[in-house]
Amino acid sequence: MTQPLLAVEGLVKHFALKSENWFDRSRPLVRAVDNVSFSVGHRETLALVGESGCGKSTTGRLILQLIDPTAGAVRFEGADLVTMAPQALRRARKDLQIIFQDPHASLNPRMSVEDIILEPLYAQGERPSAAMRTYAGDLLEKVGLSRRHAQRFAHEFSGGQRQRIGIARAIAPKPKFVICDEAVSALDVSVQAQIINLLQDLQEELGMSYLFIGHDLAVVRHIADRVAVMYLGRIVETAPKTTIYAAPRHPYTQALLASAPVPHPRLRKTRNRLRGEMPSPLNPPSGCHFHPRCPLAQDVCKTDDPVLRTLESGHEVACHFAELTAGGPAPRPS
Amino acid sequence: MSAPLLDIRNLSIGFPAGKGEVLAVNDVNFSVAPRELVGIVGESGSGKSVTALAIIGLLPPNARVSGEIAFAGRNLVGLPQRQLRGLRGKEMGMIFQEPMTSLNPVFTVGDQIVEAVRAHEHMSLKAARDRATELLDKVGIPSPRRRLDDYPHQMSGGMRQRVMIAIALSSSPKLLIADEPTTALDVTIQAQLLDLLNGLREDFGTAIVLITHNMGVMAEIADRVVVMYCSRVVEEAGIFDLFDRPQHPYTEGLLGSTPDMGETAHRLTTIRGGMPNPADLPPGCLFAPRCDKAIAQCTTAQPPLFELGDGQKAACILAPKLQTEGAT
Ligand SMILES: Nc1ncnc2c1ncn2[C@@H]1O[C@H](COP(=O)(O)OP(=O)(O)OP(=O)(O)O)[C@@H](O)[C@H]1O
Ligand SMILES: Nc1ncnc2c1ncn2[C@@H]1O[C@H](COP(=O)(O)OP(=O)(O)OP(=O)(O)O)[C@@H](O)[C@H]1O
Ligand code: SF4
Ligand SMILES: [Mg+2]
Ligand SMILES: [Mg+2]
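Sequence order for the protein chains is C and W.
The first sequence runs 1 to 334 under full-length UniProt numbering.
The second sequence runs 1 to 328 under full-length UniProt numbering.
Chain W with its partners taken away, still in its complex shape:
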């Protein structure tokens, strides 16, 4: 495997809460090689978007960051905004979870794509508009030329999402972070978008971090997956291992809750209970209060991420045991 393009080491991110601080991201480690697609899944509120915002340098000013985010060998933590701005758009692209947070409501989508196009390439307004039309067409928006003059509120949710994707595709970034890029898209356009992401990897060697709740999308496109639970990484595995032999009970629960097309049971399976209060964490494994396999030991110390071979890691004290049992 080539040297990682993105290497995240001991990343922790806290937000002030009352007199203290609550960690939204707690000692997270993972890396992404060029051309690789690493997925992040995890419970709502587990720290996926905050991690993404940290990479791209767009955390709110009250966030406190420690650890290291090495991008092409350079640590981005603590880098001045001016330098980060230089990287954004050109070397790093981002598709945000909620399109309206990043589209400007008072400019037409055409203006916004044209601005992005001209930010990294000198071209005439006319050429940039042609390029913008082409990009809208690529992301599957019908009558793209006419739609350039729409304001964001004149577009449907899925169209706005695709405008953002068009902006991210306007450069050929080394790293693209896509936070729930397909939530508002129907299955046909979703498939088209996954093709575009794969195209970026093949044509430009772009590395992609894809955050999604959709296990179907994950299964279709990811090489490796990082599973987050309550601000920590609880498992990391190749896509096949993740589906075939998940090692953390949370991952298992997540896969077990995926509604499938054949199921017609009256109630959907859930993982019982809810994520613990980050200001008042249980001792030991943060998943223990919800875990069916938990033993007394689970509540005494936080299990580290055990290396299980083939790049698979899991933060469960039972994982290494299962592993050796499985091997013999």
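The following block holds chain C by itself, in its conformation from the complex:
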């Protein structure tokens, strides 16, 4: 088998919070990412989905080495970014870009849009020139903005326009790998469709790979080749897109798909709800993290961690009873 473009191995990130009081020296740990492994191939899109706060953005930031992992390796084209010398890492950065979840926080308020977009290229030693400015204008048009906007500042744009500036910046250096963290969530459906088509065109032309973090299951269904489902810091299921949507096997994935809203007012009451509350990453449940909310949970689920195991080629599930979940809950009405 050929080597994947990116391979994440046993990634762990714990954040220490403040102690509750002066006497209590134990600093509570947020287990944001808890032994996560996956790989992304050339020209492949892996979607990462899961509940708010389950560790998706942290995983993205760990891959780019924006924060240090507690443990684990991130191999990009075979080399571990975690242990890489700073200079080599700087060179690798050109091929690794991210579209941040919060555009407001990630766009420098004092830079013109043109400079924001070209910044990753300047960081690689490119010099400002007329050709570069033309290139920035081309990128602005590619994301549905106007080249006349090049000298404006980020705060003069709407939320969705800012998000598209972040997209233009990420694709500017023609990277091999882009992390799209909720990259199209601020866009209306028509512009969203244009951007998704653009990302797919770039993938075809340049062979880009994407880690696509998203909440909108319909969008994920469209763009992904494979889907990884995360729950409280762990991956609980991965499978090719068609398998995940047609035959999800982890009870959490099944619940997630069943609770997607139906875009029609006459179907208002048909949304199923996942019962129970999201457990805390400060104090995760024993055994299977999902057991307090799982309709299938047995005693063994409270004590033993289910490992991610292969059900069939390319389909991995972390559930003790994955053999019993085929068929799952009734499919959604359509």
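Calculated directly from the structure, the hints in this document are not laboratory data.
Virtual Cβ for every residue (Gly too), placed ideally from N, Cα, C.
Treat each hint with caution, since some may be false.
25 Å max Cα-Cα, derived SDA-like pairs, lysine to any residue [stated by the list, open to error]: (1) W:K138 / C:R147; (2) C:K94 / C:E9; (3) C:K18 / W:S257; (4) C:K174 / C:R293; (5) W:K19 / C:K94; (6) C:K142 / C:A170; (7) W:K138 / C:P28; (8) C:K241 / W:G274; (9) C:K142 / C:V82; (10) C:K18 / W:A127; (11) W:K126 / C:M111; (12) C:K241 / W:F107; (13) C:K18 / W:H153; (14) C:K18 / W:K90; (15) C:K142 / W:H153; (16) C:K142 / W:G274; (17) C:K18 / W:D111; (18) W:K19 / C:K176; (19) C:K18 / W:D260; (20) C:K18 / W:T108; (21) C:K176 / C:L89; (22) W:K138 / C:E156; (23) W:K90 / W:D111; (24) W:K138 / C:K176; (25) C:K142 / W:A17; (26) W:K126 / C:P28; (27) C:K142 / W:R272; (28) C:K18 / W:A17; (29) C:K18 / W:L103; (30) C:K18 / W:F107; (31) W:K19 / C:S112; (32) W:K19 / C:P285.
Just so you have them, the derived chain C footprint on chain W, three or more residues with Cβ under 8 Å [as the list claims (entries may be wrong)]: (33) 33 to 43; (34) 99 to 105; (35) 240 to 253.
Dock chain W with the ligands against chain C, hints included.
Quick look at chain W with the ligands alone, frame taken from chain C:
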């Protein structure tokens, strides 16, 4: 229907651009009754957030506003900041599109919720912290007590969004403006949040203006929807009419571009072309250059919002015709 709580009349908002001015909002009219939930959808950059900021009185100082924003009978346009500040938080709440624009990075989220709670109710610090914990719990943040001491950057995107929602829920405003409140939230928490919004309406009669791109959310909760395109309102309709018989081709295009769970087509449907340059608008209907139904007449004059019955309105010259044809 009861008298509107919010009544927006001929609202226009311009920003200086070069030597002239560009209108981000152009002659917008709509109203919201108590307890009603009016949705606003529309193309990115069409003026939804600017409209929201105008209502709450938080436009940047270089914005020029004309028209009227009547809130409980009082015109807010031109009201001094001091009076607007009095209304904000107490009578009007706002959930901003980007949480980091309104959360202060140097204070803990607990401090910020406590401040909001104590701004409209006298209570001890301890009681306010209990209330803050309760609010965080309500918006679905696990271990809420411990999370009070987090700084915003220590929270995930969806958690920050929920902190803002908790702050908006700390009072029981008469009007809540929620600008994309669920973009960073997974479907489970999204459903929980929609329940909270419905709860506000039922318990306190709160009127809500909800801006969202998510047609699933709109379908689930809105009574009425205002559709904006390029700084103007192009359609207004009850939620069922909007989905069953949209009258403006832009609305139709928008509904047609919604990716659905069954679709696996290679390319997503889009509305061809892009929004026109606001500094160089086409003559006539602003949607004409992208419209498949456009006829010669469309490019001669801007169509007004035609009343089509049942409160539905559309700014398309074909709409009234379709309507009469449909009726016969
Ligand atoms: N710097 C930090 N310090 C402490 N905790 C952190 C920090 N960054 C993230 N966390 C915690 O790690 C957990 C995972 O956060 P992350 O941002 O990865 O979630 P997410 O899956 O991206 O969620 P969302 O869908 O809401 O964006 C959360 O509980 C968050 O509060
Ligand atoms: N401070 C500002 N100065 C100049 N132009 C501005 C300013 N704020 C907004 N605009 C412009 O006004 C228009 C409307 O912006 P607005 O934020 O209302 O869009 P929106 O409908 O909320 O879009 P989105 O769905 O992308 O959030 C946009 O073209 C934007 O570029
Ligand atoms: S391991 Fe047990 S609790 Fe976890 S998902 Fe499977 S059945 Fe449910
Ligand atoms: Mg995130
Ligand atoms: Mg907006």
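Here is what the structure says about each hint:
At most 25 Å may separate the alpha-carbon atoms for a hinted pair to count; K138 of chain W and R147 of chain C exceed this at roughly 45 Å. Proposed proximity of K94 of chain C and E9 of chain C is supported: the alpha carbons are some 22 Å apart, at most 25 Å. Among the hinted pairs, K18 of chain C with S257 of chain W is inconsistent with the structure: their alpha-carbon atoms are about 46 Å apart, more than 25 Å. With a C-alpha separation of about 43 Å, the suggested pairing of K174 of chain C with R293 of chain C is violated against the 25 Å cut-off.
About 39 Å separates the Cα atoms of K19 of chain W and K94 of chain C, which puts this hinted pair outside 25 Å; it is violated. With a CA separation close to 13 Å, the supplied pair K142 of chain C and A170 of chain C stays within the 25 Å bound. Restraint check for K138 of chain W and P28 of chain C: the C-alpha separation of about 23 Å stays at or below 25 Å, so the hint holds. Simply put, K241 of chain C and G274 of chain W have alpha-carbon atoms about 31 Å apart, too far for the 25 Å limit, and the pair is violated.
The suggested pairing of K142 of chain C with V82 of chain C is violated, with an alpha-carbon distance near 34 Å, which exceeds 25 Å. A threshold of 25 Å between alpha carbons decides the hint, and for K18 of chain C with A127 of chain W the separation of about 22 Å falls inside it, so the pair holds. Pair hint K126 of chain W plus M111 of chain C does not hold up; C-alpha atoms about 43 Å apart against a cutoff of 25 Å. Only pairs whose Cα atoms come within 25 Å are accepted, and K241 of chain C paired with F107 of chain W is rejected, the gap being roughly 42 Å.
Of the pairs offered as hints, the one joining K18 of chain C and H153 of chain W holds, with about 14 Å between alpha carbons and a cut-off of 25 Å not exceeded. Among the hinted pairs, K18 of chain C with K90 of chain W is inconsistent with the structure: their alpha-carbon atoms are about 32 Å apart, more than 25 Å. Taken as a hint, the K142 of chain C and H153 of chain W pair is broken in the structure, with Cα atoms around 31 Å apart against an allowance of 25 Å. With a C-alpha separation of about 11 Å, the suggested pair K142 of chain C and G274 of chain W falls inside the 25 Å cut-off, and the hint holds.
Of the supplied pair hints, the one linking K18 of chain C and D111 of chain W holds, its CA atoms being roughly 15 Å apart against a limit of 25 Å. The suggested pairing of K19 of chain W with K176 of chain C is violated, with an alpha-carbon distance near 42 Å, which exceeds 25 Å. With a C-alpha separation of about 44 Å, the suggested pair K18 of chain C and D260 of chain W falls outside the 25 Å cut-off, and the hint is violated. Straight-line distance between C-alpha atoms of K18 of chain C and T108 of chain W comes to about 12 Å, which keeps the hinted pair within the 25 Å bound.
The straight-line distance between the Cα atoms of K176 of chain C and L89 of chain C is roughly 14 Å, inside the 25 Å bound, and the hint therefore holds. Simply put, K138 of chain W and E156 of chain C have alpha-carbon atoms about 34 Å apart, too far for the 25 Å limit, and the pair is violated. Of the pairs offered as hints, the one joining K90 of chain W and D111 of chain W holds, with about 18 Å between alpha carbons and a cut-off of 25 Å not exceeded. In summary, the hint linking K138 of chain W to K176 of chain C is not supported, as the alpha carbons are separated by about 42 Å, beyond the 25 Å threshold.
The straight-line distance between the Cα atoms of K142 of chain C and A17 of chain W is roughly 23 Å, inside the 25 Å bound, and the hint therefore holds. Among the hinted pairs, K126 of chain W with P28 of chain C is consistent with the structure: their alpha-carbon atoms are about 22 Å apart, no more than 25 Å. Among the hinted pairs, K142 of chain C with R272 of chain W is consistent with the structure: their alpha-carbon atoms are about 14 Å apart, no more than 25 Å. As the CA atoms of K18 of chain C and A17 of chain W are separated by approximately 48 Å, the hinted pair breaks the 25 Å bound.
Under the criterion of a C-alpha separation no larger than 25 Å, the hint pairing K18 of chain C with L103 of chain W is consistent with the structure, at around 20 Å. Distance restraint check for K18 of chain C and F107 of chain W: the Cα-Cα separation of roughly 14 Å lies within the 25 Å cut-off, and the hinted pair is therefore satisfied. Annotation: proposed proximity of K19 of chain W to S112 of chain C holds, straight-line Cα distance about 19 Å (limit 25 Å). Of the pairs offered as hints, the one joining K19 of chain W and P285 of chain C is violated, with about 62 Å between alpha carbons and a cut-off of 25 Å exceeded.
Given a C-beta distance limit of less than 8 Å, the hint that chain C covers the region 33 to 43 of chain W holds, as 3 residues qualify and 3 suffice. Note: the region 99 to 105 of chain W has 3 residues with beta-carbon separation from chain C under 8 Å; the three-residue rule is met and the coverage holds. Using a Cβ-Cβ cut-off of 8 Å, 3 residues of the region 240 to 253 of chain W lie near chain C, which meets the minimum of three, so the contact claim holds.
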